[in-house]
Amino acid sequence: MKILVAVKRVVDYNIKVRIKPDGSDVDIEGVKMGINPFDENALEEALRLKEKGVATEVVAVSLGTSANQDVLRHSLAMGADRAILIEASADLQPLAVAKLLKSIVTREQPNLIILGKQAIDDDAGQTGQMLAALLDYPQGTFASTLQIEGEEVTVTREVDGGTETLALALPAVITADLRLNEPRFVKLPNLMMARKKPIETINAAELGVNLDARLKLIQVSEPAVRKAGIKVNSVEELLNKLRSHEGILV
Amino acid sequence: MKILILAEHDGLQLSSSVHQAVTAAQFWNSPIHVLVAGHSADAVVQQAASIHGVERVVHANAAHLAHPLAEDIANLVASISEGYDVILAAHSSFSKNALPRLSALLDVAMISDVLEIKADNTYVRSTYAGNVLTTIQSTDAVQLLTVHGSNFTAASLGGNAEITSTETPAAFKKASWKSEVRSQSDRPPLGSAKIVVSGGRSLGSAEKFEQVLSPLAYKLGAALGATRAAVDAGYAPNDIQVGQTGVVVAPELYIAVGVSGAIQHTYGMRDSKIVVAINQDPDAPIFQVADYGLVADLFDVIPELTAAIQ
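As given, the protein sequences belong to chains A and B, one line each in that order. Counting along the first sequence from 1, when you hit position 27 you're at 27 in our numbering, and nothing is skipped either side. Counting along the second sequence from 1, when you hit position 123 you're at 123 in our numbering, and nothing is skipped either side.
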C-alpha cells in the first residue's frame, strides 16, 4: 500500500509575521520557514502505518519554488521514501493546489492520501476536501485516529461538540488534526542522509492545470488589539469591578 | 440574483448560527433560500421557515441524510446550485467539511470564515492564526463562503417562508457513518454561552480541572473552556478547546484561569466583551488582553470567588 502525503512550506509557527508598510501583503522576506505543523502530523501517521507493516511506501509531495526542498528534505529525514517537488509559484490557492495534487495522484496511484487539516498561513482548511472531490474519493477530515483494515479505513473525526467515526473505502483522502499523533524529532544523521536523497522535480506547467488565482488579495492589516486593563488585588475587588458592568453577574 | 444558505442542524433543532448566516446573506439584498438536508427533519424546516428574511426553505429529505456526510451534502448542493449566485453557511466543523468539497465540484474558489463582507465579492478574513486581517476579492461568478457566526447578529423570528422539497441525489457509496460521541454536559454550549470559564495547564490534572472550575462554572451558568495545552495534557476533552484550532468564542464574560495566553488561544477569545485573567505569573501574556487581572494562586482564589458568588 502506497501513501501520498502533501506537505506545505509555511512561516514557522513561532514567528509573528509582519505586514509590509503599504499593507499590500505580509512581509516574509528572510523569515524562518518550515513544514506546516498539521502536515507533519500527516506524515507521521503515514510513517507509523509503514512501521506497522500496513503501508509499503510513503511519498512526500510539496508545491512551490525550489526553496520547498527544505520541507521535502525534512520529510525524507523523518522517514519518507521519496519526495516530489512540483515547481510553481509560492502563492498557489487551494483549488489550484488540489488540481495539481490530483495529477500526482493519477500518476502515483496511492491507496491513501494524507494532508494536514489546514495550513497555518492562510488558515483556509480546504485542500484535502477539494482533492477528494476532484478524485471522487471519500474524505475523512480533522482525523484524530485512523485504522486500516483490508480495503477500508476507519477514521475518528474531531467535530464541534464531540467526535464522529466514519468508514471509508480505499482509496481515500484524510486530513490530520494535531491530536492524531506526536510527530517524531528528526535526528541529525537522518537529516544528513536526507541531503543525499534525490528529489524528483516536476514543472507545474507540464501538468496542464489552470493555476490562475481566483482570489485577489486587496490588502492586509493588523487586527485591533485588545488593550490591557487593570490589575486587581483581591477577589472582592474583582467582583466589585464585574458588578459595575450591568448584566454580567446576575 | 439568489442566495442559498446551507443550514446546520441535529435533526431536531436548527443551529442558532443559521440566524447569523441569514444576517450575513442580507448583505446582497436578494432573495434568501435555506437548504435543510436531513431525514424526517420537519421540525427543523419549520424553524428555518420562521426566520425573518428567509424567502424559501428547500427541504431535502432522505434516509442517508440522517447523519449527513460531506460527500452527500456537497453532491446535493451542487445538484441544486444552478441559479444561485451566493452559497454560504456559518463556519463550523460541518460546513468546513462539506463546502470545500462543493467548491471543487463547482470549480469556484471558497472563502473560509469571513469576518466582514465589504462588497458583494470582497471579504475580510483572518490569516496567520489571527495575526493578520486579509481583504480578498473573489473573481468567480458564484460566491462561496462560510461566515464567522459571532460577527453577525442573529436574524429574528417572525418570518413565514414558503417550503419546497427537492430531489436528493443517490447516496455516496464509498463512505459510511459509524458512530458519534457527543460530550454530555448540562452546561450551556461553549460557542453560544454568555459566560465562559477557561482553564489552562496550571490546573495540573483532569481531576483538579473539574474540581476547581466546575463549581465556578455551575454558579455562573457558564460553559467550560480549555487551552490546547490543557487538552493535550488530557485535563479536558478536545471539543472544549478554545483557540485557533478549536472553538472561537465571544461571550459577555471570559474568565481565564491559569491560562498563559498564547496567541493561538487568544485568537479564540479576544472578541469577548470582558476578560478576566487569573494567573500566578505576573508576566503571563494573558494579562495583556485582560480587562481585569488578578495575580494569584488559582487554587486559593477560585474557591474564594466561587464562594463569593451568589
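Note that these hints are calculated values from the structure, not bench results. Since this is a predicted model, take the numbers as computed values, not measurements. Built from N, CA and C at the ideal position, the CB exists for glycine as well. Treat each hint with caution, since some may be false.
Said to hold, decoys possible - To be clear about the criterion: a stretch of chain B counts as covered by chain A if any three or more of its residues have a C-beta under 8 Å from a C-beta of chain A, and this derived list gives those stretches:
{"#": "1", "segment": "111-118"}
{"#": "2", "segment": "155-162"}
{"#": "3", "segment": "172-182"}
{"#": "4", "segment": "293-300"}
Do the hints match the structure? See the list:
1. 111-118: It holds, with 3 qualifying residues against the three required.
2. 155-162: Check failed, 0 qualifying residues.
3. 172-182: holds (count 11)
4. 293-300: Holds: 3 residues of the segment 293-300 of chain B have a Cβ under 8 Å from chain A.
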